[in-house]
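From first to last, the protein sequence lines stand for chains A and B. Per my numbering, the first sequence starts with residue 1, numbered consecutively. Per my numbering, the second sequence starts with residue 1, numbered consecutively.
Just so you know, the hints here were simulated from the structure itself, not pulled from any lab data. Small disclaimer: the values here were computed from a predicted structure and weren't measured. Glycine is no exception: its CB is placed at the ideal position from the N, C-alpha and C atoms. Check before you lean on any hint, since a few could be wrong.
[Said to hold, decoys possible] With a Cα cut of at most 27 Å, we get these calculated DSSO-like pairs of lysine-lysine:
| # | chain 1 | residue 1 | chain 2 | residue 2 |
| --- | --- | --- | --- | --- |
| 1 | A | Lys120 | B | Lys5 |
| 2 | A | Lys30 | B | Lys382 |
| 3 | B | Lys382 | A | Lys221 |
| 4 | A | Lys223 | B | Lys382 |
| 5 | B | Lys238 | B | Lys74 |
| 6 | A | Lys218 | B | Lys382 |
| 7 | B | Lys149 | B | Lys131 |
| 8 | B | Lys382 | A | Lys22 |
| 9 | B | Lys89 | B | Lys131 |
| 10 | A | Lys223 | A | Lys22 |
[Claimed, not checked] Coverage of chain A stretches by chain B, computed from C-beta distances (three or more under 8 Å per stretch; other residues unrestricted):
| # | region |
| --- | --- |
| 11 | 53-60 |
| 12 | 89-96 |
| 13 | 100-107 |
| 14 | 111-118 |
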Amino acid sequence: MGQEPAIALRGVCKEYRREQIKIPVLTDLKLTVDEGEFLALMGPSGSGKTTLLNLLAGLDRPTTGEVVVHGQDLAQMSEGQIARWRSRNVGFIFQLYNLIPVLTAFENVEMPLLLTSLSKRQRRENVRTALRVVGLEGREDHFPRQLSGGQEQRVAIARAIVTDPYLLVADEPTGDLDRQSAEEILELMEQLHREFQKTIVMVTHDPIAARRASRLLKLDKGKLVGDVIQAQEVAS
Amino acid sequence: MIPIKYNIRNLRRRWVTTTLTIIGTGLVVASSCILFGMVEGLQQSLRVSGDPNDLMVLRKGSTNETSSYFDLSKVVELATIPGIARDEKGRPLCAGELVNIPVCERANGSRANLIIRGMDPISPALRPNFKIIEGRTIEPGKGECLVAKPISGRFKGTRLGETLKCGERESYRVVGVFTAGGGAAESEVWVDRNDLARNTQRTGFVSDVQLRAASAADRDAIQKTIQTGTQFNLLAMKESDYYADQQITGMVLLVIGSVIAVLLSIGAMFAAANTMFAAVKSRTREIGTLRALGFSRFDVLLCFLGESILLCSLGGLLGWLATLPMSALTFGTNDFNSFAEKTIQFRFGPLVFAVAFAMTMAMGVFGGLFPAIRAIRLDVIKALREV
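Okay, chain B solo, but in the shape it has when bound:
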């Protein structure tokens, strides 16, 4: 085999074209990483619990928790259904929650809807990786609130110690900031359910119940009990189904992203191919020499294909690394279900890495293939005469 140092030194020797090609492929990979970082962030925000046994109980006829309400007494009954999972203290994982979406003032003075969730003490256990990262949890009945980290600072009065005012009647003192693994809760403000009910004059009602079944079989049984039993007459949806609608947005972005990534990759393939064709052309006599020395066509093919992959890998790596710091960024979008501000964090996880890797390989292999084929089809004798 022709040693790789031959390729590395050749890339270094024509460093101007090498650098330009690396920048080109790097930019292409970076832009796709940003796009897919958004898709991955969106998908993460919709992965509310990650637990397939979670059910969401709504009033019959409702499609989301905003338009759902039912009697608080049913929460107590729901918690007694056999098969509901329990936490380490033995409390059933069944949380009646009340949701209000008032218009609040953003830090920049504009206004947007904000989800205020009246929580049950068990609510945090039903969110993935719920963690208070600053301050403490709320004490019931004291008008306190927890603010999701991406929200903190985005709206007026949402920093620790400040007071969040929404409309005339609602005001909460921020006592803690939480994260929830990038899930939907990260766009919310959590308050005591009774505080919220009192402020919004909805005492005795909840919007919905979140509960977790102990197993898949239990989940199906519970779902059946809730939906068909006259006792409840409520709608029980798998949480994943509930968020399926919203995932369509994610899917659309994913499809658009894929199309753009493919088109960009094809463009970059031409750039890589151009560079490699020039490399083959300028090294014709070297190729002839290598063949005369006894290196096979396959050796030469590998050599130039390898050089192209190396070239694009440098670009791909650069593009991927350049976008990593963006994972600290959050962008706001509208949730079309609740019309509330939704914050999504760029995520550069396995999807983004896979996209970056696939694009890099595609550019390297397809960009290098035709030049490499040209290299191996050179007539040795003619190649040796090339000056």
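Next comes chain A alone, as it looks inside the complex:
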């Protein structure tokens, strides 16, 4: 689409303070991601992958530097603005799915739409569409405990895409799944990337999962140590 990158990080540093000690997590990070890229973030524990993901998703703010997503400098927004921005622009996929246990699959997927001005009917249509995309038609009334791990993650993906966000962020989306379910989830994410041109950033420990992405970033000790454009593998 446009010339503007989907994500642009300039001079991003992030440090946490524990008592008086500063713990640097990300140091002087520079990164540009184009629209429609499927990015995998790898690195050892504590390398700053999740912190980077949280910065991109507007859950966290850099100590210094700029995080520009979809043309918006997230560091400049107030907390309320950034919450609203998240609800419209970011879809979250978590390792532990983070579904609301007391809500059905349908109601879970509907949650982000409650923050929009859509009518009940429109919401219902969008939820049905999202559940169809992830292959869970007919499971609308199931509660999370009545679904398998893979199915729960599909509901979570449906919830992430139901608002048609600009960016999908996934933190170890297959970390809690068996190989078979993990493959299916990765396939689904690839399909979202391929068919809907979603920009996806995925943190993973799993090299097999990382191979599905179009670009692989490696982080170590808060620094980018590898940036590889990968040939897209088609699932066998």
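Using the hints, position chain B against chain A.
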């Protein structure tokens, strides 16, 4: 906004703690309802006429009708004072009444003072909602009596058709049972004034006169005439003033009741807060998720505050409903003015409802506020990592 079904289902999911909290708050609300039901019953019993233009005429120097007596002839004169209200038949609302308080035997064998009121034919018109609910009214001179419903059955010989005996000389056949809107008359037995005068050898005297002025201005004028005119030289009190002393008992109960209600509510607030803190703790990751999805701190605050209010409302409603059947109960107490048995009915009216509602809201809001604040202060990223 986070939909309310989220709260309802969460309350249902942890039904054990929910039930225990509901029972706790319910008991607190119920005990306060009982207390205030008593206060309200007492207040009702002192609302004798509800008419602010009612005057009570006593002998000068008397503070109550027990120690008051004066000549029957003055009743006739009093009735001629201009400004006295009249009933639909044109009779002046001015009733000379004679009161006797003998010791009578209760149904359980113990003894207590009972107010026997020698009534004027116009007397019922001066009581609020006076109604004969069983039998008929008395015929003068036949030794008949009307018994207030709460008294009927409490004392020996007070049921319809029975004969009430008080002391050596007094005996009356019960021909009717009446109610009087819960007012003071509901602790009394009414007989014909002449019968009572004859039985107690007080012919030609009354204890007091109850009268109603046509307006507030008339009331003041009548009061002045009675008190300053040499013709009468009697004491005329506004009925509300007459009962003011007795209302102090009600006020004391009200104050004690309020203090107890406040203390109980604070206790229950902790119970609700405890439940809600546990709810916030166990749903930390959910809260993080909701915030990540874009729900604001305010949404989360409302959500948990709403859940707490919902929880306490269920308890409050239960407590309030549980005490409603008690309105059928009557309790006896001593009237410190006349030393006569006074029956008071529990009343669950607007005061009790207001107390129950206020307590419920206080418990819900204050019990939920701190847990809700904790929920919104959670760091989203840390909350998301909570397992």
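Now the hints, each set against the structure:
{"no.": "1", "hint": "Lys120(A) <-> Lys5(B)", "verdict": "16 Å, holds"}
{"no.": "2", "hint": "Lys30(A) <-> Lys382(B)", "verdict": "25 Å, holds"}
{"no.": "3", "hint": "Lys382(B) <-> Lys221(A)", "verdict": "21 Å, holds"}
{"no.": "4", "hint": "Lys223(A) <-> Lys382(B)", "verdict": "23 Å, holds"}
{"no.": "5", "hint": "Lys238(B) <-> Lys74(B)", "verdict": "19 Å, holds"}
{"no.": "6", "hint": "Lys218(A) <-> Lys382(B)", "verdict": "24 Å, holds"}
{"no.": "7", "hint": "Lys149(B) <-> Lys131(B)", "verdict": "10 Å, holds"}
{"no.": "8", "hint": "Lys382(B) <-> Lys22(A)", "verdict": "18 Å, holds"}
{"no.": "9", "hint": "Lys89(B) <-> Lys131(B)", "verdict": "18 Å, holds"}
{"no.": "10", "hint": "Lys223(A) <-> Lys22(A)", "verdict": "17 Å, holds"}
{"no.": "11", "hint": "53-60", "verdict": "holds (count 4)"}
{"no.": "12", "hint": "89-96", "verdict": "holds (count 3)"}
{"no.": "13", "hint": "100-107", "verdict": "holds (count 5)"}
{"no.": "14", "hint": "111-118", "verdict": "holds (count 4)"}
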